[in-house]
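There are 2 protein chains.
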Amino acid sequence: MNPMTKRRLVILAEGRLDLFSAKTAVSVIRYRKEEVVAVIDHVNAGKDLSSIIGVGKGIPIVSNVGETLKLKPTDLLIGIAPPGGMLPDEWRKHITDALRNKMNIISGLHLHLSDDSEFCKLAQDHQLKIWDVRIPPEDIPLGTGKAKETKTLRILTVGSDCNIGKMVTSIEITDAAKKRGVNACFVATGQTGIMIEGSGIAVDHVISDFISGAAEKLVLDRIQYKLLSIEGQGAIVHPAYSGVTLGLLHGSAPQGLILCHQPIRKTLRHFPNFPILPLSYLIELYEKLAQPIHPCKVLGISLNCFGMSDNDALQEIKKVEKETRLPATDPIKFGVDKFIDAIQSILP
Amino acid sequence: MNPMTKRRLVILAEGRLDLFSAKTAVSVIRYRKEEVVAVIDHVNAGKDLSSIIGVGKGIPIVSNVGETLKLKPTDLLIGIAPPGGMLPDEWRKHITDALRNKMNIISGLHLHLSDDSEFCKLAQDHQLKIWDVRIPPEDIPLGTGKAKETKTLRILTVGSDCNIGKMVTSIEITDAAKKRGVNACFVATGQTGIMIEGSGIAVDHVISDFISGAAEKLVLDRIQYKLLSIEGQGAIVHPAYSGVTLGLLHGSAPQGLILCHQPIRKTLRHFPNFPILPLSYLIELYEKLAQPIHPCKVLGISLNCFGMSDNDALQEIKKVEKETRLPATDPIKFGVDKFIDAIQSILP
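Protein chains in written order, with my numbering: chain D, 51 to 398; chain H, 51 to 398.
Calculated directly from the structure, the hints in this document are not laboratory data. Nothing here was measured: the structure is a model prediction, and the numbers come from that model. Be careful, since some hints might not be right.
Which copy is meant is left open, because identical chains are indistinguishable; a pair holds if it fits in one copy or across any two.
Computed cross-link-like contacts, SDA-like style, restricted to lysine to any residue with a CA-CA straight-line distance of at most 20 angstroms [stated by the list, open to error]:
| id | residue 1 | residue 2 |
| --- | --- | --- |
| 1 | Lys201 | Asn323 |
| 2 | Lys338 | Asn323 |
| 3 | Lys347 | Glu334 |
| 4 | Lys171 | Lys229 |
Could you put the whole structure together from the sequences, leaning on the hints where they help?
This is how it looks when you write it as structure tokens:
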């Protein structure tokens with residue numbers, strides 16, 4: 051499968067088409083716009099998509115699956131994360147309509163659509179695939195440390211917190227490297243990244259003994275590339291997710307890290323009692339943890355300056371560069387050329 | 051359930067009663083000898099148990115379940131880990147015999163005995179429990195950081211590698227603290243520890259998003275104790291298991307760590323390409339990772355001097371104490387009084 055050239059996606063965002071509820075939809079549209087043929091949301095049907103979510107100019111918003119058929123869709127992608135991860139009743143009809151019209155289903159819900167007997171039967175009858183992207187493959191081995199022996203350059207994004215721009219930074223690095231002619235691959239480790247790339251493993255859904263084995267498998271399956279830009283997860287000091295972060299760090303055995311950070315955030319998201327650690331503390335910690343597996347340095351600081359003016363963002367970048375003596379940028383506002391320079395300087 | 055006072059265990063070690071294959075049996079006998087009424091191994095039936103595995107003097111070795119019935123057993127505990135974690139055919143009869151004779155089954159095999167239809171039916175018919183200790187409870191929440199708000203003193207064992215004495219050290223600390231009148235509890239996080247204690251969660255079998263949630267639950271469920279001696283897992287720089295180690299560290303939010311180390315070991319077990327890190331490196335790393343969640347120090351070094359003479363072990367202890375300026379001991383050879391002193395000095 052090369053999903054990059056073959057998928058014609060319809061994104062289901064029924065009743066929740068906004069920047070916050072439809073984060074998955076927004077990311078898929080931002081990075082795979084050429085694959086998206088329509089968005090379903092009866093509330094906003096007929097409106098201009100980009101005026102609602104900032105991306106996707108020209109992609110039609112329609113009310114139901116029937117209206118998308120003339121666009122020859124191949125897959126219905128669930129683009130919204132409902133509270134609790136369950137399936138709202140009103141989406142069932144859209145999914146069965148899609149299956150009846152020969153569309154595969156791509157879902158990142160906690161609830162597995164492939165466990166639903168009605169969906170399963172329809173998929174079987176029409177020889178279609180229901181892809182629950184959170185379900186890890188069954189053949190994940192224990193970690194062995196072998197990723198460090200591969201010749202590909204492995205760059206992992208890490209963070210001062212969760213939801214801070216690791217996926218975006220990893221994709222932007224991949225795209226910018228490709229533009230410079232580097233044979234690069236985005237390695238997805240979370241549900242939205244997997245939907246965008248068409249492959250990957252949701253490492254936070256693996257049995258904990260196998261986190262680093264999953265990361266290692268992602269690397270070993272992609273040694274034909276010169277550069278792997280690996281999506282990080284969690285944060286190294288976090289009350290909930292640090293284990294996933296460290297397993298990913300050791301399993302992927304990166305030579306370089308990009309540290310992602312949001313200047314205006316003072317405490318961990320959803321954890322007001324846990325201050326964000328200083329960048330210097332985090333740089334030392336990440337390097338000290340990574341080094342014994344493979345020599346590894348933080349190569350740059352990716353700043354998420356969402357909501358700041360360009361001028362304020364530039365001031366912040368200057369301040370961080372002075373403080374850390376590392377290149378810093380906001381990937382969305384100013385691109386990642388600085389990171390590619392740093393990465394190319396250590397390309398084998 | 052208070053398994054400490056009610057269980058009368060028969061340990062199945064059929065055909066593999068030696069120090070290496072029967073590690074679970076050896077540990078259960080070492081720490082819960084008063085609960086063990088017999089061991090099954092037809093090869094060594096009638097022999098002196100302690101001459102074979104060094105512990106368990108006086109416990110009879112018999113050939114089958116029938117011979118144990120006069121001892122009024124309540125549970126059959128699988129005391130051996132067969133290669134691959136599967137169930138050897140010749141054990142099936144012992145297990146069905148036990149169930150027919152009203153004994154519960156306690157198993158740490160990878161394969162879940164509670165999934166076996168024959169065992170299940172027998173258990174149901176006789177109202178018995180098949181306890182697969184590796185299966186985590188279903189109600190594990192995400193980590194919230196709440197363990198740090200409890201008033202109990204939380205001491206976690208950590209290591210320079212796996213299989214280095216973390217469980218033994220945690221149990222010895224619990225027992226020594228109890229002898230001094232401290233209301234202490236051993237918190238089991240691996241299969242053998244769970245079998246010994248009769249409760250716990252195998253944290254390496256939890257979905258990786260929930261490692262620290264599992265550790266936190268173990269703490270929050272035991273706040274009636276003054277001291278929790280928490281069994282560590284893995285090692286903080288390890289190609290396979292570091293994620294579990296860190297999730298456990300952050301979820302349990304310890305105030306003190308005991309670092310376990312084997313002086314003669316130069317590389318990670320099964321990983322000859324990964325040298326064991328210097329103690330100073332590990333102490334700094336563990337403290338730097340733990341501190342931001344809750345103030346935390348390494349309080350002592352637990353040395354596994356298995357195979358060394360007492361004199362060599364004492365020399366090593368002196369060397370390590372000079373090097374780290376922390377109390378060191380070998381718990382099996384010389385007890386853990388030094389650790390209890392250090393722990394009591396920070397008891398609230």
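Hint-by-hint comparison with the structure:
no. : hint               : verdict
1   : Lys201 with Asn323 : between (42 angstroms within a copy, 17 angstroms between copies)
2   : Lys338 with Asn323 : between (26 angstroms within a copy, 18 angstroms between copies)
3   : Lys347 with Glu334 : both (9 angstroms within a copy, 18 angstroms between copies)
4   : Lys171 with Lys229 : neither (44 angstroms within a copy, 63 angstroms between copies)
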